[in-house]
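Colleague: Sequence:
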Amino acid sequence: MKVKLFLFAVPALALYGGFFLLPAVQGLRYATTDWDGYSAAFNDVGLANLTEVVSDDDLFRNALTNNLKFMLFVVLGQTALALLLAVLLAVRSKASTFLRALFFLPTVLSSVSVAFIWKFVYDPNFGLANTVLGAAGLDSLRSAYLGDEDTAILWVAVAQIWFHAGQMMIIYIAGINQIPPELYEAATTDGAGRWQQFRHVTWPMVAPATTLVIAYTTLQSFKAFDLILGLAGNPPRSGLDVLATRIYTTFANAQLGYAAAESIVFMAAIALVTYLQNRAARMAHG
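Taking the working numbering, I'd label the letters of the sequence shown as residues 3 to 288.
You may find that some hints are simply not true.
[Unchecked claim] Keeping only pairs whose Cα atoms sit at most 30 Å apart, straight-line, the calculated DSS-like set for lysine-lysine is:
(1) K121 with K71
(2) K225 with K121
(3) K225 with K71
These are computed hints drawn from the structure, not numbers from a lab.
Taking the hints into account, I'd like the entire structure generated from these sequences.
Modeller: Here it is as structure tokens:
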């Protein structure tokens, strides 16, 4: 019987092995070569690619810095906004249901569609943002947005938050709805206000949801490839170059071996950041 039950997992294991494990092993192999992705011949270079990526590649270091800025801004902003929306819309009513659907709507759009929407918003000449600021008499706040190398990645982060905050809101609403009402009743009896109820009841009880939201948001921030290409073009400028676009550019330049080495460092960075964030989330919830 156990053997027969195991057979049900064979198709999934075959797909996992063929589309994940095998490419991963091949990637490790390619990272030790100078293969261009086309030629039949290539040379083994050992750890030279990895060494250069970690210590001597200014372009990769710039992309990593941009990605960390983007990730930090998105994780903090998206988590806070999603939790705020969830707290406000956790009550069951027709208005709440409508607003939930409204905030969730951007999630069903494609990344390319979102990129074009925000490209129009950020256009320095006739974009919505500068037009509204001008109409409000706030011309001093008008900006080049994506044209400013120092802050461009943060404006992309705003688009990313708008794109996925509604999705994370649903996770938080599910977590809040699992909190026993008796806890709020007891807190009210003890004279706790809304802020104290949130701090001592809601926030600790949504710890599992927060861990999930942070982990998923982190992965999203490292995978915002198509959104950035849609906003910045291909290849993106230095201020908008992140790890995913840097690896893609390296691959497009017929440096598959080096791109594989960059991918290994990329995955290691995601694993490290996710681990540290999970530790921080557990500490924040006591």
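Colleague: CA of K225 to CA of K121, is that 30 Å or under?
Modeller: 19 Å, holds
Colleague: Quick one, are K121 and K71 close enough, alpha carbons at most 30 Å?
Modeller: With Cα atoms ~20 Å apart, K121 and K71 stay inside 30 Å; holds.
Colleague: Going straight from one Cα to the other, do K225 and K71 come out at no more than 30 Å?
Modeller: 14 Å, holds
Checked against the numbered hints given earlier, this structure breaks none of them.
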